[in-house]
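Protein chains in written order, with my numbering: chain A, 1 to 189; chain B, 1 to 189.
By construction, these hints were calculated from the structure, which means they are not laboratory data.
Think of the CB as a built atom: it goes at the ideal place given N, C-alpha and C, for glycine as much as any other residue.
Wrong hints could be hidden among the right ones.
[Unchecked claim] As a list, the in silico DSSO-like pairs of lysine-lysine whose alpha-carbon atoms are at most 27 Å apart:
id : chain 1 : residue 1 : chain 2 : residue 2
1  : A       : K42       : B       : K94
2  : A       : K180      : B       : K186
3  : A       : K2        : B       : K158
4  : A       : K158      : B       : K158
[What the hints assert, rightly or not] Listing some non-contacts, in silico: residues in chain B with all C-beta distances to chain A over 12 Å:
id : residue
5  : T24
6  : S58
7  : M61
8  : Q77
9  : D107
10 : K186
Number of protein chains: 2
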Amino acid sequence: MKKSLGAKTLIVPTPVWCVGSYDTKGTPNVMTIAWGGICCSKPACVTISLREATYSYSNIMERQAYTLSVPSEQFVQAADFFGLVSGRRVDKFKETGLTPVHSELVDAPYVGEFPMILECKVIHQYKIGLHTQFVGEIVDTKIDESMLDGDGGPDIEKIRPLVFSPGVQHYHGIGKCIGKAFKVGKKSE
Amino acid sequence: MKKSLGAKTLIVPTPVWCVGSYDTKGTPNVMTIAWGGICCSKPACVTISLREATYSYSNIMERQAYTLSVPSEQFVQAADFFGLVSGRRVDKFKETGLTPVHSELVDAPYVGEFPMILECKVIHQYKIGLHTQFVGEIVDTKIDESMLDGDGGPDIEKIRPLVFSPGVQHYHGIGKCIGKAFKVGKKSE
Numbered sequence: 001m002k003k004s005l006g007a008k009t010l011i012v013p014t015p016v017w018c019v020g021s022y023d024t025k026g027t028p029n030v031m032t033i034a035w036g037g038i039c040c041s042k043p044a045c046v047t048i049s050l051r052e053a054t055y056s057y058s059n060i061m062e063r064q065a066y067t068l069s070v071p072s073e074q075f076v077q078a079a080d081f082f083g084l085v086s087g088r089r090v091d092k093f094k095e096t097g098l099t100p101v102h103s104e105l106v107d108a109p110y111v112g113e114f115p116m117i118l119e120c121k122v123i124h125q126y127k128i129g130l131h132t133q134f135v136g137e138i139v140d141t142k143i144d145e146s147m148l149d150g151d152g153g154p155d156i157e158k159i160r161p162l163v164f165s166p167g168v169q170h171y172h173g174i175g176k177c178i179g180k181a182f183k184v185g186k187k188s189e
Numbered sequence: 001m002k003k004s005l006g007a008k009t010l011i012v013p014t015p016v017w018c019v020g021s022y023d024t025k026g027t028p029n030v031m032t033i034a035w036g037g038i039c040c041s042k043p044a045c046v047t048i049s050l051r052e053a054t055y056s057y058s059n060i061m062e063r064q065a066y067t068l069s070v071p072s073e074q075f076v077q078a079a080d081f082f083g084l085v086s087g088r089r090v091d092k093f094k095e096t097g098l099t100p101v102h103s104e105l106v107d108a109p110y111v112g113e114f115p116m117i118l119e120c121k122v123i124h125q126y127k128i129g130l131h132t133q134f135v136g137e138i139v140d141t142k143i144d145e146s147m148l149d150g151d152g153g154p155d156i157e158k159i160r161p162l163v164f165s166p167g168v169q170h171y172h173g174i175g176k177c178i179g180k181a182f183k184v185g186k187k188s189e
């Protein structure tokens, strides 16, 4: 028996990604989001949704660029802090001691200590309602060499990203491998 | 030391959601995606990206509605199968024995056995490149009563959704709770 919960954004899983941007003075800012996802394979694009009221929204509108830094479990406290306060009043990099690294490819900084980062140029922005979607073309993906698997790709079990549950607002880690995509379902054919 | 992997869609985590739609004859279809995410809080909206070549793309263009059904770990085989074959040649519900339930709110079916579902009306579509983004307004979220937590919200540890890793293409489960959002980061203030 299914229970109706109403017109709410309660789906799981949602990501925990930290959006890097510069303000007009060039001060690096970073903000945590869960509203986003990959939205195109060619060109490789990722979308993030921000409220107009946020400092990051103004920054990204101005510079038309952002980064995504993927926090691992060990950085949960900093990642949560990045979502708690505004860059208007706090230098979040300074406060946490994390390092803003200037991207050489786009006009935005990323979190040097986080294991995986994406550098994005804004190619579209769509106002949906309270949130505006920025579509960023992924110019590069960078990853700590220690986080690669045997085939040279990102190893999620090493990266240990966070998953956000809307509603209860918990962060969870990643569990065990359940199967290989485009393979495990062949048994059903 | 970070290694550059190029302009690729390798970020983690990404979701595993099954998109329900009807074709012109009213046959229910379902397709698994990882390219999507929540994109607005008010109105509550979720976006999914589909290639024009897919059967689901044509269905959703026609009916302007879709559902998202969240598979739990136990349904990994069916969820993967839904992404392996086209609804043009296979009735995926019939093949897996899962039940297409007609939504009373939108013109699309959902997977009755999956623990959590969203019913969505398309309010925007944006062609990005290979993929087109559909923005769906969430009309209702429904969940199996056994999947609720003590506060009446979705319990991710009961739902046990899948997480997809692009690149290596593995499905992972959800791990342990790492902390409460908007709380654990207050220690950094």
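Taking the hints in turn, this is what the structure says about them:
no.: 1; hint: K42(A) to K94(B); verdict: 33 Å, violated
no.: 2; hint: K180(A) to K186(B); verdict: 38 Å, violated
no.: 3; hint: K2(A) to K158(B); verdict: 14 Å, holds
no.: 4; hint: K158(A) to K158(B); verdict: 25 Å, holds
no.: 5; hint: T24; verdict: 25 Å, holds
no.: 6; hint: S58; verdict: 18 Å, holds
no.: 7; hint: M61; verdict: 17 Å, holds
no.: 8; hint: Q77; verdict: 5 Å, violated
no.: 9; hint: D107; verdict: 17 Å, holds
no.: 10; hint: K186; verdict: 7 Å, violated
The structure fails to meet hints 1, 2, 8 and 10 from the earlier list, while all remaining hints are met.
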